[in-house]
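For reference, the chains in residue letters:
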Amino acid sequence: MADVNRGDRPLSPHLQIYRPQWTSVTSIFVRITGNALLISALLAIWWLAALARGPEAYAVANGVLTSWFGDLVMFLSVGGIWYHLLGGVRHLIWDSGHMLDVNRSEMFGQGMVIVSVLLTIFTVIVL
Amino acid sequence: MRYLTDRKRAAGLGSAKSGTEHHWHMMISSVALVGLVPLFVFTFGRALGMGYEDALAYYARPFPAIVGILTLLVGFYHFKGGVQVLIEDYVHGFARKALIIGMTCLSYAAAAVGVFAIVRIAL
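The listed protein sequences correspond, in order, to chains S and V. Each step along the first sequence adds one to the number in the numbering used here, with nothing skipped, and position 58 is 58. Each step along the second sequence adds one to the number in the numbering used here, with nothing skipped, and position 121 is 121.
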């Protein structure tokens with residue numbers, strides 16, 4: 001009777017069961033920012049390709065990327081890239097076996113949000 | 001099948017069967033990007049919005065050009081691995097394979113276009 005429970009096994013609880021926590025929400029946003037950065041990368045490549053192509057193409061790409069909407073997209077991109085970078089650093093620290101307990105994982109999540117906001121403000125001021 | 005125990009039927013099917021290399025490549029590329037991304041943000045961000053001649057001269061310099069090429073190559077390699085995990089988590093069957101192949105092709109194509117553009121500007 002090897003398959004007595006087949007198809008009737010308990011499932012592990014999923015997202016909708018758990019209360020949102022710093023660890024889960026910051027992890028979800030690492031995934032969202034990382035994949036959304038495709039759009040930012042494609043826009044940067046469009047700008048570079050337009051620069052290589054000539055003055056007319058460059059005027060269009062540069063105009064779009066420095067319009068209010070382009071500024072908004074670039075602002076979100078900068079925030080996303082800093083946040084995702086910090087999320088990656090967190091994974092590298094976890095992979096080395098450090099900061100794995102709940103308290104420090106939550107602290108790191110809160111720190112990621114604060115530091116990425118500060119880095120984004122810094123970048124906007126410098127550039 | 002009825003001669004197999006549950007233990008035997010499940011053996012070798014776990015998540016630890018493969019994926020070590022994928023994770024290791026994500027680690028290598030992420031370490032590289034921790035250095036490259038800040039350099040790219042502050043070089044690309046400076047050039048963005050310049051006039052045509054100034055931007056052309058800026059990206060003809062070795063440092064911004066090499067940082068740009070490396071960031072695009074390593075960045076899209078990293079993206080290819082990351083988006084693969086995203087697709088594997090949410091998409092199943094034929095669509096999964098098609099999307100992974102499509103995003104892999106898009107990653108290499110986008111990197112190639114960007115690198116070609118920078119090389120053309122710099123040389």
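Hints listed in this document are in silico derivations from the structure and should not be mistaken for laboratory results. No experiment lies behind these values; they were computed from the predicted model shown. Keep in mind that a hint or two might mislead.
Per label pair, the in silico range of CB-to-CB distance [stated by the list, open to error]: (1) MET107/S to ALA11/V: 33 to 43 Å; (2) ASP101/S to ALA112/V: 42 to 52 Å; (3) LEU86/V to ARG53/S: 24 to 34 Å; (4) HIS98/S to LEU86/V: 49 to 59 Å.
Here a beta-carbon is modelled for each residue, glycine too, at the ideal position from N, C-alpha and C.
When the hints from earlier in the document are held up against this structure, which numbers fail? Hint 4 contradicted; others consistent.
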